[in-house]
Amino acid sequence: MNPALEKFYQELPGKKVFFLGAGISHRALIEKFVLKGADVTLCDRKSYGELGEFGEKCTAWGVHLLLGEEYLDHLREADLIYRTPGIDWTKPEIQDAIEHGVKVTSEMESFFDFCPCRIIAITGSDGKTTSTTLTACLLDAAGYRVHLGGNIGTPLFPVIEDVREEDIAVVELSSFQLISMRKSPNIAAVTNVTPNHLDHHRDMQEYIDAKRNILLYQKYDSVSVLNAENDITRKMAEDVRGELRWFSSRRPVGNGAYLDEDKMLWSADYGHVRPVMDLKRILLRGDHNKENVCMVYALVKGLVRDETFCSVVSAFTGVEHRIEFVRKLNGVEYYNDSIASSPTRTIAGLRSFHEPIVLIAGGYDKHISYEPLAPELLKNHVRVLLLCGPTAKLIEDALRAMPGFEGQIRIEQRKDVPDCVRRAREIAEPGDVVFFSPASASFDAYPNFEVRGKHFKSLVMELE
1 MNPALEKFYQ
11 ELPGKKVFFL
21 GAGISHRALI
31 EKFVLKGADV
41 TLCDRKSYGE
51 LGEFGEKCTA
61 WGVHLLLGEE
71 YLDHLREADL
81 IYRTPGIDWT
91 KPEIQDAIEH
101 GVKVTSEMES
111 FFDFCPCRII
121 AITGSDGKTT
131 STTLTACLLD
141 AAGYRVHLGG
151 NIGTPLFPVI
161 EDVREEDIAV
171 VELSSFQLIS
181 MRKSPNIAAV
191 TNVTPNHLDH
201 HRDMQEYIDA
211 KRNILLYQKY
221 DSVSVLNAEN
231 DITRKMAEDV
241 RGELRWFSSR
251 RPVGNGAYLD
261 EDKMLWSADY
271 GHVRPVMDLK
281 RILLRGDHNK
291 ENVCMVYALV
301 KGLVRDETFC
311 SVVSAFTGVE
321 HRIEFVRKLN
331 GVEYYNDSIA
341 SSPTRTIAGL
351 RSFHEPIVLI
361 AGGYDKHISY
371 EPLAPELLKN
381 HVRVLLLCGP
391 TAKLIEDALR
401 AMPGFEGQIR
411 IEQRKDVPDC
421 VRRAREIAEP
431 GDVVFFSPAS
441 ASFDAYPNFE
451 VRGKHFKSLV
461 MELE
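To convert, note that position 140 of the sequence shown is 140 in the numbering used here; the numbers rise steadily by one, no gaps.
Since the hints were derived computationally from the structure, they do not count as laboratory data.
The beta carbon of each residue, even a glycine, is placed where N, CA and C say it ideally should be.
Honestly, I wouldn't trust all of these hints.
Derived lysine-lysine pairs resembling BS3-like cross-links, with alpha carbons at most 25 Å apart [said to hold, decoys possible]:
#, residue 1, residue 2
1, K46, K16
2, K57, K16
3, K15, K57
4, K379, K280
5, K46, K379
6, K32, K183
Simulated restraints on C-beta separations [unchecked claim]:
#, residue 1, residue 2, range
7, A315, E50, 36 to 46 Å
8, I98, R410, 47 to 57 Å
9, Y217, P418, 14 to 24 Å
10, G23, E426, 48 to 58 Å
11, S311, D221, 46 to 56 Å
12, A60, R251, 55 to 65 Å
13, Q408, A142, 41 to 51 Å
14, G242, L329, 43 to 53 Å
15, D397, R305, 43 to 53 Å
16, R76, A401, 31 to 41 Å
17, R145, D419, 45 to 55 Å
18, P375, E77, 45 to 55 Å
Use the sequences and the hints to build the structure in full.
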């Protein structure tokens, strides 16, 4: 075992460890820390009944429970605090604990602290999960033992003893994870940065600064991959300490990868270029996915042979809830894009289709402007717009305020997602696409975008 990790475990018995939030990343860790002898406390806004079976397990393990509205009131009493990404790093109670000498960390930060192998990490406003999944598939096909986790849903620190020095960890990192991180990966990529999560971050600059942490603590033998076509990521080049690789969907780059106007993927090595693959061959819909493939090539270059890359990419069908084909009914195709919790994601999805679209959108308000979405609805053949949730009026107002709109799109506000699906079934015509791409978060009606997407798919499959 890693000597530093062994020392960490040896110091756990009797240590007061508080876990803020009963999320996925903490459930396995709590059990592990109990077995290592730590004095564990779970702090969660939920009631004991809402914790369900996990609450019963915690009681059986002897875990102390601080539940309800006052769940953060005793943080100064901890020796070590683990924060789940869903709990705001800037909360006064957390900052107060830090000021009083309590160490606050996270499952992902501990993984970075003790991981013996190379880490590849991907962040960005859009494209993280598809890019992370594809990267892991490519490395696996190239013969590496891969550990996939992070924001994609799998906690890695609970299984760190199984990680070997010759392995590769591939992680997706959100701004909520990055905001408190003080270590960066060996190889880092930023897909893009656009306004997002402004309901949780104080402002856009805090969001950008959180993303920058993926680069700020890299060493000089590191690799950084940045988007040449995004204003914010271009500026991040100033933060790069090691090798900088660019990716571009529009023009050649000096080092990295780019697409030409025919969607041919090119590899660039300081002026030496070679064609790699015609991306018209890939199964993924949309130019944004071609950009994701381009970024991933720049990321794995030197680790994966071109022929392996082409073979894996040409067979890759994508990730659930991302422009996911559900079914075809009476000449109408239904697609689930529940991951689209921001206007930029919905815009990328709309650009993937040439058919007339019945768009279902709306949901929880993250305080993002919908003005950029309005012209895209007209450009991308949206015939009918079905809206629900708190952002329904915001989206409709943005569209109606656009010069030249003049009622070109039929707009209906509906009760909820089931009502939107029923209405779409009634009005969609053969050759149409019914596209569920909310451009909003799910929290008005669902715990996350996965539950929302699965509900949409079940509703569509029940249609007769």
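To see whether the hints hold, each was checked on the structure:
no., hint, result
1, K46 - K16, "holds (21 Å)"
2, K57 - K16, "holds (19 Å)"
3, K15 - K57, "holds (20 Å)"
4, K379 - K280, "holds (22 Å)"
5, K46 - K379, "violated (44 Å)"
6, K32 - K183, "holds (23 Å)"
7, A315 - E50: 36 to 46 Å, "holds (42 Å)"
8, I98 - R410: 47 to 57 Å, "holds (53 Å)"
9, Y217 - P418: 14 to 24 Å, "violated (46 Å)"
10, G23 - E426: 48 to 58 Å, "violated (39 Å)"
11, S311 - D221: 46 to 56 Å, "violated (30 Å)"
12, A60 - R251: 55 to 65 Å, "holds (60 Å)"
13, Q408 - A142: 41 to 51 Å, "holds (49 Å)"
14, G242 - L329: 43 to 53 Å, "holds (51 Å)"
15, D397 - R305: 43 to 53 Å, "holds (52 Å)"
16, R76 - A401: 31 to 41 Å, "violated (49 Å)"
17, R145 - D419: 45 to 55 Å, "holds (48 Å)"
18, P375 - E77: 45 to 55 Å, "holds (54 Å)"
Hints 5, 9, 10, 11 and 16 from the list above are not met by this structure, while the remaining hints are.
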